[in-house]
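From just these sequences and the hints, can you work out the full model?
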Amino acid sequence: MKRILLTFTLLISIISFCSAEGKSNIISFQQLPDSIQSFMKLHFKNDPIQKIKVNSKEYKIVFTNYDEIEFSKQNNQWIDMEIENGIPASILESLPNRIVYWLVAYHPGIPVVELQRLNNGFFAMELTTGQDLLFNQEGVFVETQYGDGLNYPDPKPMYP
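The numbering used here numbers the first residue of the sequence shown as 70 and each following residue consecutively.
A couple of the hints might just be wrong.
To be verified - Below 20 Å or equal to it, Euclidean Cα-Cα: the simulated DMTMM-like pairs (lysine to aspartate or glutamate) are:
| no. | residue 1 | residue 2 |
| --- | --- | --- |
| 1 | K114 | D136 |
| 2 | K120 | D136 |
| 3 | K120 | E139 |
| 4 | K129 | E151 |
| 5 | K114 | E153 |
| 6 | K122 | D136 |
| 7 | K142 | E162 |
| 8 | K126 | E139 |
| 9 | K129 | E183 |
| 10 | K110 | E127 |
| 11 | K126 | D116 |
| 12 | K122 | E151 |
| 13 | K142 | E207 |
| 14 | K129 | D116 |
| 15 | K126 | D103 |
| 16 | K122 | E162 |
| 17 | K122 | E139 |
| 18 | K110 | D136 |
| 19 | K110 | E151 |
| 20 | K120 | E137 |
| 21 | K110 | E137 |
| 22 | K129 | D149 |
| 23 | K126 | D149 |
| 24 | K110 | E162 |
| 25 | K126 | E162 |
| 26 | K114 | D149 |
| 27 | K110 | D149 |
| 28 | K120 | E162 |
| 29 | K114 | E162 |
| 30 | K114 | D103 |
| 31 | K126 | E153 |
| 32 | K142 | D103 |
| 33 | K114 | E151 |
| 34 | K120 | E153 |
| 35 | K122 | E137 |
| 36 | K110 | E139 |
As the list claims (entries may be wrong) - Ranges of calculated distance between the beta carbons of each label pair, as one might list FRET restraints:
| no. | residue 1 | residue 2 | range |
| --- | --- | --- | --- |
| 37 | F210 | I118 | 30 to 36 Å |
| 38 | T197 | L111 | 22 to 28 Å |
| 39 | P165 | P117 | 30 to 36 Å |
| 40 | K120 | Q146 | 27 to 33 Å |
Hints were generated in silico from the structure; no laboratory data involved.
Idealized CB from N, CA, C, for every residue including glycine.
And the structure:
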């Protein structure tokens with residue numbers, strides 16, 4: 070009986086620890102790092118925030134219209150944005166120049182609704198047309214596809 074009780078207690082402890090590990094906490098805007106606050110004030114000053122979640126790896130800002138931006142806790146840089154009406158031009162203009170030129174030349178006037186900074190330094194984006202685009206660190210176009218490429222990205226893609 071003691072073994073069963075000990076095993077049960079150990080199992081409950083492990084389950085509790087694992088569930089707490091990925092748990093998010095809600096914080097206020099003032100609790101964000103200064104660099105993230107500045108970014109938000111510069112690019113999204115008129116967009117009301119519903120909540121800000123924080124976990125061990127990232128900050129996730131959710132707007133009242135359910136748009137989202139995620140920032141890495143490691144370096145406070147944005148890592149993913151999903152903005153239904155399009156990523157602000159001020160953010161796109163901060164990307165490598167080649168990406169901006171590509172968008173203007175090949176997709177003029179088509180909003181970018183999702184933008185990711187991948188672990189390997191590449192940039193992935195989704196247009197309102199559903200087309201996914203991938204650029205390397207220097208902004209050189211790598212590939213395009215349709216589908217759920219940005220919804221389920223490989224965390225360490227093996228692109229050339």
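- Does K122 pair with E151 here, judged by a C-alpha cut-off of 20 Å? holds (16 Å)
- Query: K126 and D116: Cα distance at most 20 Å?
  - Reply: Given that 20 Å is the threshold and the Cα spacing comes to 24 Å, the pair is violated.
- Given pair status - D136, K110, alpha carbons within 20 Å: Holds, at about 16 Å.
- Message: Check the hint pairing K120 with E162 against an upper bound of 20 Å on the C-alpha distance.
- Response: Violated: K120 and E162 sit about 27 Å apart, past 20 Å.
- Task: For the pair supplied as a hint, K129 and E151, confirm whether the alpha-carbon distance does not exceed 20 Å.
- Result: holds (11 Å)
- Given the hint that K142 pairs with E207, does the C-alpha gap stay at or below 20 Å? Measuring from Cα to Cα gives roughly 24 Å; hence the hint is violated.
- Is the Cα-Cα distance between K129 and D149 20 Å or less? holds (9 Å)
- Restraint status (C-alpha distance of K126 to E162 at most 20 Å): violated (27 Å)
- Item | Hint check for Q146 and K120 - Cβ pair distance inside 27 to 33 Å | Hint violated: Cβ distance 21 Å, outside 27 to 33 Å.
- Query: When you check the alpha-carbon spacing of K110 and E137, does it fall within 20 Å?
  - Reply: holds (15 Å)
- Task: Starting from K120, check that the Cα of E153 is at most 20 Å away, please.
- Result: holds (17 Å)
- Decide if the proposed pair is consistent with the structure: K120 and D136, CA atoms, cutoff 20 Å inclusive. holds (11 Å)
In summary, the structure is inconsistent with hints 7, 11, 13, 16, 25, 28, 31 and 40 from the numbered list given earlier, while agreeing with the others.
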